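First to last, the protein sequences are chains C and L. In the working numbering, each number is its position in the first sequence, counted from 1, plus 11. In the working numbering, each number is its position in the second sequence, counted from 1, plus 41.
Because the hints were derived from the structure by calculation, they are not lab data. All of these numbers come straight from a predicted model, not from anything done at the bench. Treat the hints with care, since some could be wrong.
Computed footprint of chain C on chain L; a stretch qualifies when at least three of its residues, placed anywhere within it, have a C-beta under 8 Å from a C-beta of chain C [as the list claims (entries may be wrong)]:
hint: 1; segment: 94-102
hint: 2; segment: 140-146
Among chain C residues calculated to face chain L with C-beta under 10 Å, some are [what the hints assert, rightly or not]:
hint: 3; residue: 34
hint: 4; residue: 110
hint: 5; residue: 115
Even glycine gets a Cβ: it sits at the ideal position worked out from N, Cα and C.
Chain residues, written in single-letter form:
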Amino acid sequence: MFLLIWLVIMLEKQIIHPFRGAFTLFKKEIMRFWRVSFQTVAAPVMTALLYLLVFSHVLSRNVQVYEGVGYTQFLIPGLIMMSVLQNAFANSSSSIIQSKVMGNIVFLLLTPITYTEFFLAFLAASIFRGLVVGICIYLVSIVFIDLPIAHPGFVLMFGLLGSALLGTFGIIAGIWADKFDQMAAFQNFIIMPLSFLSGVFYSIHSLPPFWKTVSHFNPFFYMIDGFRYGFFGMGDISPYFSLSIVLLSFLVLSWFTLILLKSGYKLRG
Amino acid sequence: MIPAINIQDIHKHFGALQALKGINLSIEQGEFFALLGPNGAGKSTLINLMAGLLRPTSGTISVMGHDVQRGYRQARQSLGVVPQELVFDPFFNVREMLRFQAGYFGRGSENDSWVDEIIESLGLADKASTNMRRLSGGMKRRALIAQALAHKPPVIVLDEPTAGVDVELRQIMWEFIKRLNREGHTIILTTHYLEEAEILCSRVAVMKKGEVVALDSTVNLLKSIPGKSLRLKIKESFLPESLRHMIRNQEESVYTLSLIDVTQIEFILSELRKSNISIEDMKLLEADLEDVFVDLVGDHA
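Build out the structure end to end from the sequences listed, making use of the hints.
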């Protein structure tokens, strides 16, 4: 982490030259979402808080998932992670599709930035936005609810890997989609169902056996459960197993994305 | 000296369509070169191949000695491309965008004075802090040129830069581009305005249906059109049979006749006299690039 911060400072001061191209792209991506931070940060924080308000009001008296953990407390890590994932996806996917539709992606394709640098810059910006949104939701929540973190290492690892996985997924979606309509389909028919059915609002132990089995095929389930383990030290399955699944998914998806970028699919004819 | 652009046997197919059919072309450093041809001739495809936006089916292209595929990083460092469409990033203002663009090429704050210079030279100083979305079409076009120049490339390609641009802006643009050429930059442009190519460019390639059909200095191409032509305005609307084979163009009673030799004028006049046709106006015309162009890519060619 410190190494990363040091690297960013050195690049910003322009002491390191070789990665300037990729760093500029990363910086531009950060500035892009920051320019519209009402839409990209404030809005998702607001949405998460509304979920929290409604669900905790309706269910807090009836549901207790873990021993000694109130439902509202249980809900917050899931909501944070869901927002982290959705925003990491939105950042890379919307930036790429927008510049494809506007045509200004050509200015990026004309540069000596390599496909690996392209990938890393979009990935880092997605992680950044995911984490900014996540931290904001956490900070607002703890004003109202006591929420200690049992294992900060797990929280950080799942936060980083989860946003990296979805950021990568966003890059694939951005490259693949030709129209905003296709991107909306991606968001509403893949990302939303996967995140809603991942155990954000419930523990999968409360599900009928069939749906419990189905949940195990949902990668979002592992990210949410592992992230939540970081807060309470309790989860539906082992955090190490979840971490392995998430890490493996990230590596496979990154490898696929790099192949896609190298081939020039939909970007270079 | 290494050529600025070296194109060897480039083929590009899009499915069954053969967009380029074996192009060979070498452009020297410091040249002001024009790529002419009707729509669909393959000019933009060729430019996109130089820029690495497209990959060739076969053949190689190098920019300043760097292969655009194997040595793409160096090749792209050497090349600045002004795209045909008015594309822009709606999130940033002109100066921010130019600094980002230079940054993508590894240029940092040491490059800022160059960015300011382009902003100044292209008359963008008032608009430097204006969001790209708020610029007029002409201003967007200037910003587009500035963006291609942000990393100070030795080779500059302009794809139809003056399409839809007013006279004043065209003047500013060409003054600036001529200056860049004087300072040693190689300039390659595609244009529909043949007059522009004739005045600015020292060498011209004419493309037609994916092939280069003519490649020569502008002077030589002009010479290749046999002689001059004679424009006649006559009272009657028909010419004697003996002159009909010379007609290049006719608009009502104004005829343009091709001359192989100036002495043919004597023959024309005597033929007209014989048929009792009186002349209202007469003008001897030098061949221009448009004649060459029509000759090469016209339907009869």
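message: Are any of the numbered hints broken by this structure? If so, which, sorted upward?
response: Those not satisfied: there are none.
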